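Enquirer: Single-letter residue listing:
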Amino acid sequence: MKKMQKFISLALAVVMTAGLLAGCGSTSAGTSAATTSGASASGSTFKIGGIGPLTGTAAVYGTAVKNAAQIAVDEVNAAGGINGSQVELKFEDDELDAEKSVNAYNTLKDWGMQMLVGSVTSACSIAVSEKTKADSMFQITPSGSAADCVKYDNVFRVCFSDPNQGVASADYIADNKVATKVAVIYDSSDVYSSGIYQKFDAEAKTKNLSIVSAEAFTGDSKTDFSAQLQKAKDAGADLVFLPIYYTEASIILTQANSMGYAPKFFGCDGLDGILAMKNFDTKLAEGVMLLTPFAADATDELTQKFVAAYKKAYTDTPNQFAADAYDAIYAIKAAAEAGKVTPSMKTSEMCTAMEKAMTTITLTGLTGTITWTADGEPSKTPKAVEIKDGAYVSMK
Amino acid sequence: MVSFITNLINGISLGSIYAIIAIGYTMVYGISKMLNFAHGDIIMVGAFVAFIIISGLNLPAALGIIAAVIVCTALGIAIEKIAYKPLRHAASPLAVLITAIGVSYFLENAALLLFGSDPKIFTSVVPFTNVTIGPFLIPGTTLISILVSLVLVILLQFFINKTKPGQAMLACAQDRDAASLMGISVNNTITLTFAIGSALAAIAGVLLCSAYPSLSPYTGAMPGIKAFVAAVFGGIGSVPGAMIGGILLGVIEILGRTYISSQLSDAIVFAVLIVVLLVKPTGLLGKNIQEKV
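These protein sequence lines are chains A and B, in that order.
Per my numbering, the first sequence starts with residue 1, numbered consecutively.
Per my numbering, the second sequence starts with residue 1001, numbered consecutively.
Hints are computed from structural coordinates only; laboratory data are not their basis.
Hints are all accurate, no fakes.
Once the Cα atoms are required to be at most 25 angstroms apart in a straight line, the calculated SDA-like pairs of lysine to any residue come out as:
no.: 1; chain 1: A; residue 1: K278; chain 2: B; residue 2: S1216
no.: 2; chain 1: A; residue 1: K283; chain 2: B; residue 2: N1058
no.: 3; chain 1: A; residue 1: K283; chain 2: B; residue 2: P1127
no.: 4; chain 1: A; residue 1: K278; chain 2: B; residue 2: V1125
no.: 5; chain 1: A; residue 1: K278; chain 2: B; residue 2: A1062
no.: 6; chain 1: A; residue 1: K264; chain 2: B; residue 2: T1132
no.: 7; chain 1: A; residue 1: K181; chain 2: B; residue 2: I1260
no.: 8; chain 1: A; residue 1: K283; chain 2: B; residue 2: V1126
no.: 9; chain 1: A; residue 1: K233; chain 2: B; residue 2: L1137
no.: 10; chain 1: A; residue 1: K278; chain 2: B; residue 2: F1115
Facing chain A, a subset of chain B residues (Cβ under 7 angstroms, in silico):
no.: 11; residue: N1007
no.: 12; residue: N1010
no.: 13; residue: L1014
no.: 14; residue: S1055
no.: 15; residue: I1121
no.: 16; residue: S1214
no.: 17; residue: M1222
no.: 18; residue: I1254
no.: 19; residue: R1257
no.: 20; residue: S1262
no.: 21; residue: Q1263
no.: 22; residue: D1266
Please read all numbers here as calculations on a predicted model, not as lab measurements.
Even for Gly, the Cβ is constructed at its ideal location relative to N, Cα and C.
Model the full assembly from the supplied sequences, consistent with the hints where possible.
Expert: What follows is the structure in C-alpha cells.
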C-alpha cells in the first residue's frame, strides 16, 4: 500500500509542477514590416513616428492604429496641416516585443522622427518611454493602458487606464442611478480584471453604491459560476458588474438565464466583442450595458465619417484601437497649434511646448471630449452602450 | 434554507460532471495501474468532434455523440499502442507517467493548431433545459449526467464482474504475469481498457460542454485534474467510488465557494484531497490490499 501512496503523491507533485510550467512561455513570430506615407522629407514637415504590432498575435491592434492614424494624418494634411506644415507618418512593426519596439524607435529616430504615436501595447510602450524620456521626445500612446505607461512627464495616453475604468464604471452607475445594490464577479488571477475591481470598489464607497457581494474566480476554474451568481441573487443585487473578458461573460449570461436570474449586467471594454461570438445566443446579452470608449455604430457625425472613411480605405470596421489612434493624431494637432509648435524646432523644445500645451487643450474626439492632466492621463466622460436587438446602441 | 439547497443542487450538477470523468479515469487506473493524464484531453477531443458534427455540419446530436465515441475510442487505442505500450516494462513507472503528460500537451497543442485558442460555444445536446420543483430549479444536464453516470457504473460493474473480458481485466489488475500464464492476452486486455475508458471520455466531453458550453483546447485540463482528485477521493480503482467521489467533490467545491471564499475554492478542493489521503489513504471505497513481501 505504501507503494501506491508514494506513487500517487509523486503523481500529484508532477501534475502540479507541470501546471506551473504551463503558465510560462512567450510568443514572438512574424517578420518586420515598415511603411511610409507618400509625403517627401524636408525641414518644413512634421515627422510623426508610429510603433505597434503589425504582425504576430496582436497584429489586429497595431494594424488598426496604423490605419486610423493614416486616415487622421491624411485629413489633417488635406485641411492644411498643422500650423501650415504638412505631416508625415512612418509606422514601424514591433511584433508585440518590447525589445523590437525599442529597435523600431531607433529606426524612426534615424528617419528624423519628432513626435511618437505609440507603442500600441502596454509593455512595449513602457519600454519605449524610457528612450523618449532620455531623448526628451513627445510621446502619446493610443492604447497603452497599464498605469506605468505614462509615468514620465513627456508621455500621454488616449485610452482610459485599467484602474480608471473601474472608477468610471462606478461613477456611471451611481450618477445615472442604474442600480443601488451591486454585485461583482471578477477574475482574481487577471491583472486587468482585479485592477478594475479594486478601483471600482473604492469609488463605489465614495458614491454610496452598496456592493452586496464581490465574488472572484480564477483562470483555472472559469466555467462554473453558479455559486457566484447564487450569492449575487441571494444578496438581492439588481446589477452585476463584470470587469472581465467576453468569453467568461457569455457563460455567466447563459448560466444566469438558466437559473432564472435577470439582473442588469454591466461591463467594461473587455465585454466588447461578445456579440461577435459564434453560436452565442445574442438574446441573452439583451440589455447588457458596457463602458467602451468607442462604438462603431454610434450615430454622431464624427464617428460616422470616420467609420465610412475607414471602411472605404481598408474594407473593415474600425475597433476602439483605431479610434484611440485617430484621437491621438488630433490631440497632437490641437496641442501643436496651442503651443505654436513648428517643424523647425528642436525635438526637446517641441516636447516641452507640447507637454505644456497638452494640459490646456480640449479635444472633441471619437472617444469623447478629452482633456489631459499633467501626469498624462486623459479625462473624458466614458461612453456607455447598451445592447439592444443584437447591436450596440449608445446611451446618453 | 432555500439558498442552501440551491447551492447543494449546483454542487451536485458540477459533481455529476466530475463523476462521469472520474469513472473513466479510475477504470483505466484500476486495470492498467497507470494514471492516464491525457484523459482530460481526450474529453476535449470528444467535445470538439461532437461540436464539429453538431454545430459545424448541422447534423443531429445523436450522430455527434456516436462520432465522438468512435473517434475517441480509436484515439485511445492509438495512444495506448504508440505511447504507453512500449514503456509498459520500463524500469520506472515514472516513464509512462511522464509520457502521459507529454500526450496531454501534444493533444492540447494539436487542438490549438487545428481549432485556434478562441473558445467556441457548444450547443447543448440535452433536449430539455430545466425541471422546476417548488422553488428549486434543477438543470436538465444535471439529471442527464447523474442518470448517465449511474447507468455507466452499473454497466461497468456488470461488465467487469460478469463477462469474460471483464474477468480478464480483473485478472490483469491482480497479477499480470499470472494472468498471461492462464492464457489471457494482457496486451489486448489493456487495449480494451483504454478503448472503453476513451469512449467514456467522449461521453463525458459531450456532457461537460453541454453543462458548461465553452469549448477550447484547454477545456479538459482542469476538469481532468479535478476528476483525478475525485477518483482518488472515492478510492482509485473503484468505479462506484469514483461516482461518489465526483459528486462529493462538486458539492464541496460549490459550498466552499459560497460559504468560505470564492477565491479559495480550488485550494479547498485540493486540501480535501490531502486530508482524505492522510486519514484514509485508499480513499472512501478503496480496497486495503496488503502487499505480500
